[in-house]
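One-letter residues, chain by chain:
2 protein chains.
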Amino acid sequence: MPVTLNTQDADFESRFVRMLSAKREDSADVNEAVAGIIADMRAGGDEVLCRLTARFDRLELTPDGLRFSPDEIAAHVARVTDDERAALSLAAERIRAYHSRQMPEDASWTDPDGATLGWRWTPVSAAGLYVPGGQAAYPSSVLMNAIPARVAGVERLVICVPTPDGVVNPLVLLAAELAGVDEIYRIGGAQAIAALAYGTQTIAPVDKITGPGNAYVAAAKRQVFGRVGIDMIAGPSEVLIIAEGAQNPDWLALDLLAQAEHDADAQSILITTDPALAEAVAAAVERLLPGLARAEVAGASWRDYGTVIIARDLDEAAALSNRVAPEHLELCVDDPEALAAKCVHAGAIFMGAHTPEAVGDYVSGPNHVLPTARSARFSSGLSVLDFLKRTTLARLSPGALAAIGPAAVRLAQSEGLQAHGASVEARLAQLNVRRGE
Amino acid sequence: MPVTLNTQDADFESRFVRMLSAKREDSADVNEAVAGIIADMRAGGDEVLCRLTARFDRLELTPDGLRFSPDEIAAHVARVTDDERAALSLAAERIRAYHSRQMPEDASWTDPDGATLGWRWTPVSAAGLYVPGGQAAYPSSVLMNAIPARVAGVERLVICVPTPDGVVNPLVLLAAELAGVDEIYRIGGAQAIAALAYGTQTIAPVDKITGPGNAYVAAAKRQVFGRVGIDMIAGPSEVLIIAEGAQNPDWLALDLLAQAEHDADAQSILITTDPALAEAVAAAVERLLPGLARAEVAGASWRDYGTVIIARDLDEAAALSNRVAPEHLELCVDDPEALAAKCVHAGAIFMGAHTPEAVGDYVSGPNHVLPTARSARFSSGLSVLDFLKRTTLARLSPGALAAIGPAAVRLAQSEGLQAHGASVEARLAQLNVRRGE
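As given, the protein sequences belong to chains A and B, one line each in that order. FYI, the numbering used here numbers position 260 of the first sequence as 265, with every residue one higher than the one before it. FYI, the numbering used here numbers position 113 of the second sequence as 118, with every residue one higher than the one before it.
Hints in this document: simulated from the structure, not taken from any laboratory. Any given hint might turn out to be false.
Unchecked claim - Beta-carbon label-pair distances, calculated as ranges: (1) B/Ser113 - A/Arg63: 45 to 55 Å; (2) A/Asp187 - B/Asp116: 45 to 55 Å; (3) B/Ala40 - A/Pro169: 49 to 59 Å; (4) A/Pro169 - B/Arg23: 35 to 45 Å.
Idealized CB from N, CA, C, for every residue including glycine.
Could you put together the complete structure from these sequences and hints?
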């Protein structure tokens, strides 16, 4: 049984804080190892990349074998069954439809002083998408990373996906094809991130790196941040379910387990106002857990981080959820829209009994790359905006400069930046001369 | 005289690449020192903060003196002259007007399958704004950081500004007042960033930290990234001017010097199709430089990083500018809009002879916190979006789940995530039962 907390218990606050601050991932030594890999990669490029791939993925490659050839891709993709292809195509279509609505608009206006102001969005030129392999290779991650980039208008799209022992998931390659990826490299870990950020003899560098990964990938992304853009530092995943009323305990248990089966560090939290429902769900978890192929992982997650909280009412539940700022928030209550309005920190909200989080992982349309480990307090899931940047625009008429320039001169003087002031004054002087003519 | 390159020279490409990759800042040892400061701050809180402030800012404080009191603020602000107040108020008003247009819209729609999808923007709860002190305290930075946060709806706004030797810039405090800042602390450096990220006994932690700073501040922001959100890693500043036609060489020289006077690591670049204009501007720089109060800083920047490039035509100039991806781009040409359309990587574009970059630092309206050191390839200036996050929303009708759920089940099976599939299947089974009734 997981921890069960009741908000009416005297020690609730301290136990809740302990849960919030539980460190679900240990990155000791990772930073240093990653710094070494990045330095080696910058010095050695392809040669180091092949050596590290042999070491970590047990895969011997030469530089010209790093990239999947069109023939290899075709051969692998041919192994995909028709129904898998149909499912992936439906997912791609729905993800594209959702993300197409995210394209922001440019703006331009002229204010009463005669200053024409605005901004313009443009895509990054080249993006690199990391796709985790290892335990499970995720074709859905390819779609979730590549489609927003394509919608944004990124010219060159690169994927890195490790293929440990040479095992290739053909669905990953099909997903790349459906999303319109240009280059696919069979590399992973910190060495792949270094290759994307700094380039090698055969891999041109990119401007932005996105996608989740393990602790090494996360540390590498943090270290190359600034040289290139990154989306976020992905940590262990979590779901929080708020439930009340006539809910099917098995459905909720499976939703909790779906999160738990990702990773032993994942966290599943149920908050309910109904102690009987809490008990029924916890019992269903215990009953369903042993039947899972990934029972060991899910069991460890549930045992170590699973939490059930009995709240007084839905307002209290929403307040607790806001403190957790969950990556995934499921609202299985009678009026999920009303409750959603109160849940202001969450990566993605799933409303109602027929919106299990798992549909969001694949086919509902919104992105499944979401802020983890409480970072929904300040960040958002992956979107088209991650592959765009905004340039601000300004053009002052002589009249506008005459109107607002003197204030700039004054402030430049206050800040001790003489040339700043002089650059405006020189223009104002000419305008005054003209006016005096 | 700075480096002068001509795109027609045989060695142009190699010299341009050398300029692009010149390391304008050295952060050796900074990371380790900063990691030590953050660890000390986490362990010691206020006591460490006071000790480090005494050491770095030569300012002895007790914990209850870290924060400016309302009376202190009022006393300092009373020293501001009327014309300074008017200038700062005009700047605040124009910055607020520009940023108010950046508020993004929520969205919600129901697709043909019966899935109601959308997203919602919400503000971060608490933001900490770093305002550099030291060489020059910048009231304009307070406005540029705090106003977008207030426009976004951030509840709690905190400023950290170092006051070395206890010297306070009353304009910084007035700017904070105009922008509606809630708490102001007289602390700086990595210790201020640590205080904002982790909190101390007297300072509550924030969710997002923005604002430029020196190498220690930048390193600290990088290290706390993930625990809190950050805007960007600010590096040395740069301006690139593309000029052609009848331009006043003194104006362009002053714009180059305005950048150079910021910092010895700043970079000023002029690209022109007209060798005579290049010579005239370079001569004007030499003539005007000695008269500047900050001649030493500006002279070092111009000598070490100043660059003049003679390009064949404006298309070539735009292509070179895109490779630089400058923080500030000034287009002093006959048709700046046409040229701006070709310049796709830049933090901010200033168009025409009457839009010197310096007006953008203060009063034109767009933000002056911009991507430096080539990061305009992948990032944007500070905006209201930096203080918002987006939650995606989904609600599936039973019919929508019946339509798209099977594809999710298929993909979950392919990814080996059994509970994911089962959570959807359990619901589909009930729908099928109902349908069969």
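Verification of the supplied hints:
Under the hint 45 to 55 Å, the C-beta atoms of B/Ser113 and A/Arg63, about 48 Å apart, fit the expected range. At roughly 29 Å, the beta-carbon separation of A/Asp187 and B/Asp116 lies outside the given 45 to 55 Å, and the hint is violated. Under the hint 49 to 59 Å, the C-beta atoms of B/Ala40 and A/Pro169, about 32 Å apart, miss the expected range. Taking the beta carbon of each, A/Pro169 and B/Arg23 are about 40 Å apart, inside 35 to 45 Å as hinted.
In terms of the numbered hints stated before, the structure departs from hints 2 and 3, listed from lowest to highest.
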